[in-house]
Amino acid sequence: MTPQLLIFFVLAALAVVGSLSLILQKHPIHSALSLIVVMVALAGLYLLMGAEFVAAVQIIVYGGAIMVLFVFVIMLLNAGIEEHTNFSKLAGYAGVPLGIALTGFIAAAIARSTDAVHAATTGGTIASTRQISTMIFKEFVYPFELTSFLILVAIMGAIVLAQREK
Amino acid sequence: MVPTSYYVILSAVLFGLGVIAFIFKRNIISIFMSIELMLNAVNLAFVAFSQSKDNLDGQIFVLFVIIVAAAEAAVGLGIIILIARNRQSLNVERVDLLKL
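Heads up: the protein sequence lines correspond to chains Z and Y, in order. Okay, so the first sequence: first residue is -4 according to our numbering, each after it adds one. Okay, so the second sequence: first residue is 344 according to our numbering, each after it adds one.
In isolation and in its complexed conformation, chain Z is listed as follows (with noise of 0.2 Å):
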């Protein structure tokens, strides 16, 4: 076993423990904290595929900036324990199977193609976050102005929303 792949596998093991954490954990904060871990686990799998600029969008955005905003509007909220009503029980017994055969279909799915099964690169080409720059400002410059609207109207919307009505 290389050492990349017990890299691989550790920070694997991290994400899906995270993710089963999320949902698991009745209290928010608590499922906050679990979706922190997926993320780093993640950014750690971008830098093992060579990655490092996504791997530092990833914490600096998700691990950071979104993640932030979660827990202040959780402690803001003062949001408690889930109460478990009974409205929906379609939801507790098939959302679990359902889950799990949409996560088989896809895998075997994926197991099938043998596109997918070749080797991956071991990237870490030192050029690729000013490849990355170099693409935004020429092929998708338009895409990236047009995020940058779509930032604006999101904060107006957010302002908008929760502003107290007078």
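No lab work stands behind these hints: they were computed from the structure. There's no promise every hint is true.
To be verified - Below, a list of computed lysine to any residue pairs in the SDA-like style, where the Cα atoms sit at most 20 Å apart:
id, chain 1, residue 1, chain 2, residue 2
1, Z, K21, Y, R437
2, Y, K396, Z, S108
3, Y, K396, Z, T124
4, Y, K442, Y, S432
5, Z, K133, Z, A149
6, Z, K21, Y, I378
7, Y, K396, Z, F48
Unchecked claim - Across the chosen pairs, the derived CB separations fall in these ranges:
id, chain 1, residue 1, chain 2, residue 2, range
8, Y, L425, Z, K21, 21 to 29 Å
9, Y, I422, Z, L28, 16 to 24 Å
10, Z, M(-4), Y, N434, 40 to 48 Å
11, Z, K133, Y, V411, 19 to 27 Å
12, Y, K396, Z, A8, 22 to 30 Å
13, Y, V385, Z, I76, 29 to 37 Å
14, Z, V91, Y, N398, 19 to 27 Å
15, Z, L28, Y, D397, 34 to 42 Å
16, Z, F139, Y, K442, 38 to 46 Å
17, Z, L1, Y, V408, 25 to 33 Å
18, Z, V91, Y, D397, 33 to 41 Å
19, Y, N434, Z, L64, 20 to 28 Å
20, Z, V91, Y, V408, 22 to 30 Å
21, Y, L441, Z, A89, 17 to 25 Å
Virtual Cβ for every residue (Gly too), placed ideally from N, Cα, C.
Starting from the structure of chain Z, add chain Y where the hints point.
Just chain Y now, kept in the frame of chain Z:
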């Protein structure tokens, strides 16, 4: 050397766990976090295929997905604050105004 299929299968497992959390959770903030988990799983598949095909388009797509997720988090949490203020509860079962 990790095969690409390992990454994609991990991505499928994380997506499935996100779907299970989405159906299983009753707290609206936890449901929102399971959506973020699903987005993360898809990002992993994007980066894995990007590395295996030696094509950086996938990584740029991940960047756009992260930007959209940030915008979605801002608006979604605004809506959650509004629901919590109007309903005094974060349980999705109590938000049933459109239910027949």
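Evaluated hints:
no. : hint                          : result
1   : Z/K21 to Y/R437               : 18 Å, holds
2   : Y/K396 to Z/S108              : 15 Å, holds
3   : Y/K396 to Z/T124              : 17 Å, holds
4   : Y/K442 to Y/S432              : 17 Å, holds
5   : Z/K133 to Z/A149              : 25 Å, violated
6   : Z/K21 to Y/I378               : 17 Å, holds
7   : Y/K396 to Z/F48               : 18 Å, holds
8   : Y/L425 to Z/K21: 21 to 29 Å   : 24 Å, holds
9   : Y/I422 to Z/L28: 16 to 24 Å   : 23 Å, holds
10  : Z/M(-4) to Y/N434: 40 to 48 Å : 46 Å, holds
11  : Z/K133 to Y/V411: 19 to 27 Å  : 21 Å, holds
12  : Y/K396 to Z/A8: 22 to 30 Å    : 27 Å, holds
13  : Y/V385 to Z/I76: 29 to 37 Å   : 30 Å, holds
14  : Z/V91 to Y/N398: 19 to 27 Å   : 37 Å, violated
15  : Z/L28 to Y/D397: 34 to 42 Å   : 36 Å, holds
16  : Z/F139 to Y/K442: 38 to 46 Å  : 41 Å, holds
17  : Z/L1 to Y/V408: 25 to 33 Å    : 29 Å, holds
18  : Z/V91 to Y/D397: 33 to 41 Å   : 38 Å, holds
19  : Y/N434 to Z/L64: 20 to 28 Å   : 21 Å, holds
20  : Z/V91 to Y/V408: 22 to 30 Å   : 27 Å, holds
21  : Y/L441 to Z/A89: 17 to 25 Å   : 22 Å, holds
Hints 5, 14, counting from the list given before, are not met by this structure.
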